[in-house]
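Between the sequences and the hints, there should be enough to build the whole structure, so can you do that?
Letter by letter, the chains look like this.
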Amino acid sequence: MNKNNKLSKFLRFAITFSVLSLAVFLGLMLWDNYMNSAWTRDGRVRADVVMIAPDVGGLVSRVAVVDNQFVKKGELLYQIDEERFLHALHEAKAIAQTRKAEYEMKKHQSARRNGADNEVVSAESRDNAHFDTQMAHARYEEALTQVETAKLDLERSSVRAPTDGWVSNLLLRRGDYLDAGEKHMALITGGSFWVYGYFEEHKLSLIHIGDKAEMKMLGTKYILKGHVESIARGISDRDNVTDGRLLANVNPIFTWVRLAQRIPVRIRIDEVPQGLTLSAGMTCSVTIIPNKSDQRSAHKQ
Amino acid sequence: MPLDITLFGIQMPTLLPIFVVSAVVQILLDRVMSDGGIYNHVWHPGLFRTAVFVCLFTAPCLLIYR
Amino acid sequence: MGAYSPFFVSLKSFPWQRTLQEWLTIDAPVLIYMAKTLIAALLALWIAMKLNMPDPRTAIFTVFIVMQPQSGLVFAKSYYRVLGTIAGVGISLVIIGMFSQDPLWFIAFFALWIGLTTAAGFKYRNFQFYGFVLAGYTLCIVALPVIETPLDVFDIAVSRFSEVIIGIMCATVVSDIIFPRRLLDSLITSEQERFYNILSTLSDPQSVFAAFDDANPAVSRFSNGVVGLNAVRINSSFESGSDRKGRQHYQHLNHEYMNLSTTFHSLKSIIAAIKNHEKTEVLSALERLYDPIASALKTLPETLLNPEDLESVIRKLLEVKNTIQERSESEHKSLKEGDDDFISAAYLIGRLVSELHHHCATYLSLLKHRLSGNTSFELSRSIRFSTHTDNVLVALAALRGSGVLLLTMLFWIWTAWPYATLSITMAVVIGLLLGTLPSPLDGVKDFFKGALIALILAAVYDFYLIPAYTSDFLTLALLLAPTLAFIGWMTTKPKLPVFTFGFVFMFMSQCALDPYYKIEPTKFMESSLAALIGILFGGLAYLLVNFWSCSLTQYRVAKVLRRQIVEVCVGPLNIERSALESTGRDLVQQFSTQGRLNMRSSRLVYEWLLSTLEIGRAILAIRRSLQRLYRQYHHSSIDTALESIKEYFESPSPLGRNELLSILEKSLQELHSFQLPSQKGQRKRIQRLIVELGLIRTVLLNSATFPVVTEDSCH
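Chains as they are written, first to last, in the numbering used here: chain A, 38 to 338; chain B, 53 to 118; chain C, 6 to 720.
For the record, the hints were derived by calculation from the structure and aren't laboratory data.
Where hints are given, some of them may not hold.
[What the hints assert, rightly or not] Restricting the straight-line Cα-Cα distance to at most 30 Å, the calculated cross-link-like pairs of lysine-lysine (BS3-like) are:
id	chain 1	residue 1	chain 2	residue 2
1	A	43	C	373
2	A	46	C	373
3	A	46	C	250
[To be verified] The following residues of chain B were derived to be distant from chain C, with all beta-carbon distances above 12 Å:
id	residue
4	57
5	70
6	75
7	89
8	99
9	102
10	108
11	114
12	116
13	117
By construction, the Cβ of each residue, glycine as well, lies at the ideal position given by its N, Cα and C atoms.
And the structure:
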C-alpha cells in the first residue's frame with residue numbers, strides 16, 4: 038500500500054515534470070529560432086523613378102502616351118506647342134542671314150580697301166575695315182548659334198523617354214501650361230526594381246552581403262528570389278532631432294522597454310516568377326537564407 | 053509553412069492563427085482530460101495544463117521557424 | 006541557562022503552532038494573492054511594452070479586472086471578457102464603417118447598442134453580465150476616439166484586442182500556476198457545509214415543530230445559498246479538476262436541496278397553522294410520526310462523514326420511509342375527526358423523508374466519486390438551472406443605459422470638448438456596471454471616492470515619482486509595485502468592490518503607463534475632469550431613472566409568481582419541477598437585490614415564493630395524475646377546481662379566495678365520497694389527487710401569505 042502510494046506520488050511528479058520540461062524545451066527552441074531567423078514582414082518593393090520635366094516651357098499640345106504605358110527609350114512622351122519655337126527658329130535664321138550679309142559686306146569692303154592705294158585709303162581705315170569684318174563674322178557666328186539653340190528648343194519641345202520604363206500616375210493633359218523644369222510625369226525605370234527589407238538591428242549580424250533572399254509577396258503565392266546587395270549605413274536618431282540652431286534636442290526619457298529599431302537592407306531581385314506584375318511600393322516579407330559555407334566556418338571558429 | 057498568412061486581405065504572422073487553433077484544441081483536450089480523470093494523476097494540474105498548451109502551440113510553430 | 010529565564014519560558018509556552026497555523030490559513034493566502042496579482046500585472050505591462058502596444062495600460066487593467074483569488078473565477082471572468090471584447094470590437098468596426106459620416110445615425114445606433122448591452126447584462130447572471138458590460142464599454146473605447154479619423158479604427162480595434170489577450174493570458178497563467186487556489190475546493194466545502202446543515206436541522210424535531218424563528222440561524226440558512234452555489238458551480242467548470250460527472254452531481258444536489266427546502270418550509274407553515282388552531286392532538290400525532298426520522302439522523306457523527314456512515318443512514322431512511330406510510334394511516338384512524346391538515350402534513354413528512362433519502366444517496370455517490378473515482382449510480386440527465394428575469398427591470402435598465410449615453414453625447418456635442426468622449430465612456434461604464442447593485446447611488450458614491458483617491462495618487466506618480474526616479478522598466482516596476490500590491494489587497498476585501506473598481510479604473514487610465522513618458526499636466530487635468538463629470542452623469546441617471554420602490558417590487562413579484570401558477574395550470578405538462586423551483590428562486594433572489602426590500606417584506610416575498618412553489622408543484626402532480634387516470638374515474642369537480650384556481654390567480658380578490666376555498670372543499674368532499682377503484686394503480690392516483698388537492702387547500706387556507714398583495718409591508 039505504502040509502496041504503491043509512493044510509486045503513484047512519484048508518477049504524479051514524473052508526469053507533470055516530463056510535460057513541463059518538454060514544454061520548456063520546445064519553448065526555448067521556438068524562442069531561439071524566432072529570434073535567430075533573419076526575416077522580416079516589413080519589406081517593400083522599390084524602383085528607380087525618373088521625374089520627367091520639360092526643358093522648355095509652353096502649352097502642352099499633345100500627350101503621346103497613356104497611363105501605365107511602357108515606353109522605349111527615346112519614344113515621344115508629350116509635345117509642347119512647337120509654333121513659338123518654329124517662329125524663334127525662323128527669326129534666328131533671318132538674323133543669321135542679315136548677319137551673314139553684313140559680314141559679306143564688311144568682308145568685301147575690307148578686301149576693297151586692302152586692294153586700294155595707300156594714298157587713297159588710310160591705314161587706319163584699312164584696319165577698321167579689317168576689324169569690322171572680324172566683328173561681323175563673330176556676330177554671324179553668334180546668330181548661327183542662336184539658330185542652333187532655336188533648333189534645340191524646337192527639338193526639346195517634344196519630350197522623350199530618357200530610359201525604357203513605365204509611365205506612372207499620368208496627370209498631364211493637353212492644354213496644360215508647363216514651366217521649364219516643372220516635374221509633371223513619373224517614369225519608373227524598367228528593370229530597376231529592388232527590395233528594401235527593414236530588419237531589426239539585432240538580426241543584422243545574421244545578414245551578409247551576397248546572402249540569398251526570398252521575398253513573399255503579400256497575399257500571393259509568388260516568391261521572388263534575390264540576394265543581399267548592401268546594408269544601409271545610417272538611419273536617423275529618433276531621440277535626437279536636431280533643432281533649428283543645429284543643437285542636439287535629446288528626449289528626456291527613454292522608452293521603458295527598449296525596442297529594436299529597423300535598418301534597411303537592399304536586396305537585388307534576381308528572379309521574378311512568371312505572371313507576377315511587380316509594382317513599386319508592394320509589401321513583401323523577406324527571408325534571408327544564410328550562406329551554408331559561412332555558417333560552417335562560423336561554427337568552426 | 054509560410055511565415056505569414058493572409059486572411060481577408062490582412063497579413064499576419066502564421067503564429068496568430070496557430071495560437072487560436074491550439075487554444076481551441078486545448079479547450080477540447082482539457083474537457084477530455086478532466087472527464088478522463090487525468091488531472092488526478094498529475095502533481096500540479098495548472099502547471100500541467102499550461103505546459104500542455106505550450107507544447108501544443110510551439111510544436112507547429114517550430115515547423116515554421118526551423 | 007537561557008532556557009530558564011522567564012522570557013524563554015514564555016516563548017516556549019507561546020502557542021507557536023496555532024499562531025503559525027492561523028497565519029497560514031488567514032494571512033498567507035492574502036499575501037500570496039497580492040504577490041500573484043503583482044507578478045501578473047507587471048508581466049502584462051512588460052509584454053505589452055515589449056510588443057510595442059500603443060496602450061499597455063489596457064493589459065495591466067485587464068489583469069486587475071479578471072484577477073480573483075480562485076482560478077476558476079479568473080477563467081470564467083476572462084472567458085467573458087474575451088467574448089465581450091470581441092463583440093465590442095466587432096460592433097465598433099461596423100458602426101464606424103457604416104455611420105461615421107452621419108452623426109444622427111451614429112448616435113442612434115450607439116444608444117441602441119448600449120441599451121441592448123445594459124439590458125442583456127441585466128438579464129444574465131454572474132460573469133456573463135460582465136461580458137455584456139465589456140461589449141458596451143469597448144464600443145466607447147474603440148469608436149469614440151476615432152470619430153474624427155475613422156480609418157484608424159482598425160488599428161485601435163486590433164491593438165485593444167491584443168492588449169486584452171495579453172492581460173488575460175498573464176492573469177490566467179499566473180493564477181493557475183503559482184500557488185493555485187481552486188474554486189472547486191470551496192465548492193466542496195460549501196456543499197459539505199450545506200449537507201451537514203440539512204442533517205443537523207432535520208435531526209432536531211424542534212426545528213420542524215417550533216414556530217418560525219429568525220433567531221434560529223440553521224433554519225433561515227436552510228433557505229438561501231441555492232442561487233449562489235449554482236453560480237460557483239458554473240464558474241468552477243472552467244477549472245482543471247472539474248469533470249462532467251462531478252458537475253452533474255452538483256446539479257442534482259442543488260436541485261434536490263431546493264426540493265427539500267420547499268417541502269421543509271411547507272411543512273413548517275402547515276404546522277404553524279395547526280398550532281394556531283390549537284389542534285394539539287394532531288400536533289402530537291405528527292410529532293410521533295416524525296420521531297423515526299430524527300432518531301435515524303441522530304446517530305450521525307457531528308463532523309466528517311465517511312461513506313460507510315452515510316450508507317447506514319440511507320438504509321435507515323429507507324426503512325423509515327416504509328414505516329411512516331403505515332404509521333400515518335394508523336395515526337389518522339386514531340384521530341377523532343378526518344383532519345385534512347393531518348393528511349397534508351403527513352404527506353409532506355413522507356415526501357421530506359423520500360427527498361432526504363434521495364439527497365443522501367446523491368451525496369454518497371459524489372463522495373465515492375471524489376474518493377475513488379467511481380460513482381454508486383448513474384445520474385439520469387443533467388438538470389438545467391432555469392432563470393427568470395423581469396422584463397420591466399430589464400427595460401428600465403436599457404432605458405437608463407441609452408438615456409445616459411444620449412445625455413453625455415449631447416454634452417459632448419454642445420461643448421465640443423474633445424475630452425468629453427471620456428465622460429461618455431465613464432458614464433456608460435457606470436450605467437452598465439452598477440446597475441445590478443442593490444443601491445446603485447451608493448455604488449456611484451463609492452466609485453467616485455475611489456476615482457478621486459486614484460487621481461491624487463496618479464498625479465503623484467505622473468508628476469513626481471516617475472519623472473524623478475524612473476529610468477527603465479525595472480525602476481518603473483519597483484515604483485509601481487506598492488500601489489499594484491495595494492490594489493491587489495483591496496480586491497480581496499468584499500466590502501469595497503466598487504471603491505476598488507473606481508480606484509483601478511482611474512489609476513490605470515491616468516497613470517503614465519505609456520511606452521513613452523510625457524509630462525502633460527493640462528491633458529491630465531482635462532481628462533480627469535472629464536472622467537469625473539462622466540461619473541456624475543452616471544450617478545445622475547440613477548437618480549433620475551429610479552422609480553423602483555419596495556411596493557412596486559412586491560407588486561411585480563406577486564404578479565410574476567401568480568403568472569407562474571397560471572402557466573402551470575394551462576401550460577404544457579413537461580415543465581420539470583426543477584425548472585419551476587430554480588426559476589422562482591432566481592427571480593426572488595434578483596428582486597431582493599434589486600428591489601429595495603426591507604427585512605419584513607423580503608421575508609414576505611420568500612414565503613410567497615414557497616407557497617407558489619408548493620401550489621405549482623401540486624397542480625403539476627394533479628394534472629399528471631389526471632392524465633394517467635382512466636376516463637371513467639375522471640371527475641368534473643377536479644377540473645372545476647383547477648379552473649377556479651387559475652381564475653383566482655389571474656385576478657385575485659378576497660371574495661374570490663373564499664369562493665375558491667369553498668369550491669376546493671366541495672370537490673374534496675366529492676372525491677372522498679367517490680368509490681375508490683379496485684385497481685391498485687388507479688386507486689393510488691385518486692388518493693394522490695385527494696392529497697394534493699388537500700395540500701393546495703391547506704396552503705391557501707392556512708398561510709395568509711400567498712402572492713396576492715393584501716397588505717403593504719413596506720412601511
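Worksheet item: Which of the numbered hints above does this structure break?
Response: As far as the earlier hints go, 6, 7, 8 and 9 are violated by this structure, in ascending order.
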